[in-house]
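Undergrad: Listed below are the residues making up each chain.
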Amino acid sequence: MSRPRQLAVIATSALALAAALAASVAIGSVTLPLGDVLDALKGANDAESHLIVRELRVPRTVAGLVAGACLGVSGVLLQGATRNPLASPAMLGITAGAGFAVVVTVALLGLPSGHAVWAAFGGGAAGFGIALLLAGSGRDGLSPVRLALSGAIVSTMLAAWTTAILTLNEYAAEEVRDWLAGSLAGRDITAVAPLLPLVAAALILAWALARPLDALALGDEAAVGLGQRPGRVRLAAAVAALALAAVAVAMAGPIAFVGLAVPHIARFLVGGGHRALLVASVLLGPALLLVADVIGRIVARPSEVQAGVITALIGAPVLVRIVMNRKVAL
Amino acid sequence: MTSAEATAVPARAAIRKRALRGRIVVTALLALTAAVAAWALALGSSETTLLEVVGAVWGFGDSGQVFIVQQLRLPRVLTALLVGAALGASGTLMQGLMRNPLASPDVVGVTGGAGLAAVLAIGASVPPLGLPVAAAAGAATATGLLYLFSGRGGTAGSRLVLIGIGIHAVASAGIALVMSRLPVGRLGAAEVWLAGSLHARNWTHATAAAIGLAIALPAAYWLLRRLSVLELGDDLAIGAGVHVRHTRTALLAMSAVLAGIAVAVAGPIAFVALGAPHIARRIAGPTRAATLTTAVLVGSLLVLAADIIGQRLFAPTSLAAGVVTAALGAPYLLWLLHRTGKR
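Taken in order, these protein sequences are the chains called D and F. Heads up, the first sequence is in the working numbering, so the first residue is 3 and it goes up one at a time. Heads up, the second sequence is in the working numbering, so the first residue is 1305 and it goes up one at a time.
One or more hints might be untrue.
What the hints assert, rightly or not - One side only, chain F facing chain D, incomplete, derived with CB under 7 Å:
#1 Thr1337
#2 Val1488
#3 Gly1489
#4 Val1627
#5 Leu1637
Claimed, not checked - In silico negatives: residues of chain F with every beta carbon more than 10 Å from chain D:
#6 Val1329
#7 Val1361
#8 Ala1444
#9 Gly1448
#10 Arg1529
#11 Ser1532
#12 Thr1551
#13 Ala1624
#14 Ala1630
Keep in mind the hints are simulated off the structure, nothing from the lab. Ideal Cβ placement from N, Cα and C applies to all residues, glycine included.
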């Protein structure tokens, strides 16, 4: 794909993200004029609308920005490392594992939700390990079907265990239900602030892995010929992807399909080179998540629908579309 | 004796041996199911002895006890058995059709479609009797979509499974969307139903399930014979004169009907349709009809056992049978996935 076209796509994606950011602070159960929004962002603090913007909408927009970028990049890394079009945080059990771990720590151990991040991290790693182990144990390696099935089964199992815990502990049910559906509302972004260096490190690692992943796409032998070590590249990509997905889950709950759909949309727009893919995904991930969040605020006024529900409604058809593509070997 | 006859004799003996094994397994399962059912009838908040239960079923004994057993416990136990039978049969058909040991109505979105339709019906405050109809319609719609998207040549198992997973995801998201719009008063009803519970099932449920099964199960047996021909592979089946496409469509539809019956009556009870055929294959050996019969019985036993466990494990809080089957069934399935990979 030509360089100018890639640049044009990336510029358009950046504009789309800017529009999504603006919509996210302006639109909600009450739509605010952009003038008020700008005043509030500049520091004005004298009207109710300013309070809404500063206390409610800016935090959830930041949460959406970070979580969306993390999920998009995580998906690119996982798909590149496994060379599997269905690889994504949700398919590989990371999302479900992190979600279950958070419910256990909050509901059973009664820890404050500030610890959720680390629980999400550990649970995500465990889910990832189980799903990879199961999906990769076959003769044909990480085939898309085995990956999807193991992801679906791990998710169903953890969902049932979560339901059981919530049935037995109604107090916890109140606290985590919103989070479990993948909501950006009421995020305490200060709790996640210590993780931002981690996100930055993972993003830098992802950028450094772009060229090695390009080589890997040619096949392991070609990658070795180009001076790469496939095993190391995969491990590094998996670690970075896990870190990013865990942060996203801790921030926004188990949001489905952003990590799957965004890399595919990006690949369709900018081609298969990983540098362009990463840049496009970092922009499109948050754009998709924020748009989903805004839609969720509009469709159910005055209450709202969690962003995770909307991303599933948008993203699952993308999955069906990928699978229907005969060129994808299953 | 020619060499052909010489090999035919041991082969026939092996078939006879397998048939005998099938009969033993079925008899043992029937006995076990009857025993567990009797035990389930005796369990509950009011203590009843087994002897009193047997009397009460036929209307003898203390009138209070007769009421509890005949009107409360018996329909619940029967519903559990019938639902399990439908799920076991549905899963057996679907796994045969997709030639994928991990296919089942709850994985490919049939159950999800039924759930979405039922939640919509609850939202529209359809009378209780309309709920099963809505669920069955949802199951049929999901199956239709599955068939539509898999398209020409899409009967290849793995693509169908993946498309089904996508449909399931859309249905789940749809359920969450509808749930977030439900008024608080109806939210509870939807949640109870979605957990896959046998709580408060009465004779209406049991009768509806029985009628549905009486029609669907014989059809399933008939389709299974055609399925055996199909399993020789598409090319051979065409040679054998079986219209592959129509049989597949009929199989998919019948599997959906059976799953629809189960979901309509008890809500989505996970993993039974997936697990029962596997357990059946392990204990009954690979003969086809025996597998279906065994899977039907294993399914019944699983749902009934899950209901008992759900009621007793954390008493007085009771867990829905669907939660129990999913929580216990999934690890079994993960192990299964691991094992099929090794082969």
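Undergrad: Now, for every hint given, state plainly whether the structure supports it.
TA: For each hint, the structure was consulted:
1. Thr1337: violated, 24 Å
2. Val1488: Not OK, violated: Val1488/F not within 7 Å of chain D, min 11 Å.
3. Gly1489: Hint violated; Gly1489/F Cβ to chain D Cβ min 15 Å, cut 7 Å.
4. Val1627: Where the cut-off is 7 Å and the nearest Cβ of chain D is about 5 Å from Val1627/F, the hint holds.
5. Leu1637: holds, 5 Å
6. Val1329: Check passes; 27 Å lies beyond 10 Å.
7. Val1361: The claim holds: Val1361/F sits with its nearest Cβ about 31 Å from chain D, beyond 10 Å.
8. Ala1444: Given a closest Cβ separation of 19 Å, the condition holds.
9. Gly1448: Consistent with the label, Gly1448/F stays out of reach of chain D, its closest Cβ about 14 Å off (over 10 Å).
10. Arg1529: Arg1529/F clear of chain D: closest Cβ-Cβ about 28 Å, beyond 10 Å.
11. Ser1532: Ser1532/F is indeed farther than 10 Å from all Cβ atoms of chain D, at 24 Å.
12. Thr1551: holds, 23 Å
13. Ala1624: Nearest chain D Cβ is 8 Å from Ala1624/F, so the label is violated.
14. Ala1630: Given a closest Cβ separation of 3 Å, the condition is violated.
Comparing the model with each earlier hint shows violations of hints 1, 2, 3, 13, 14; every other hint is respected.
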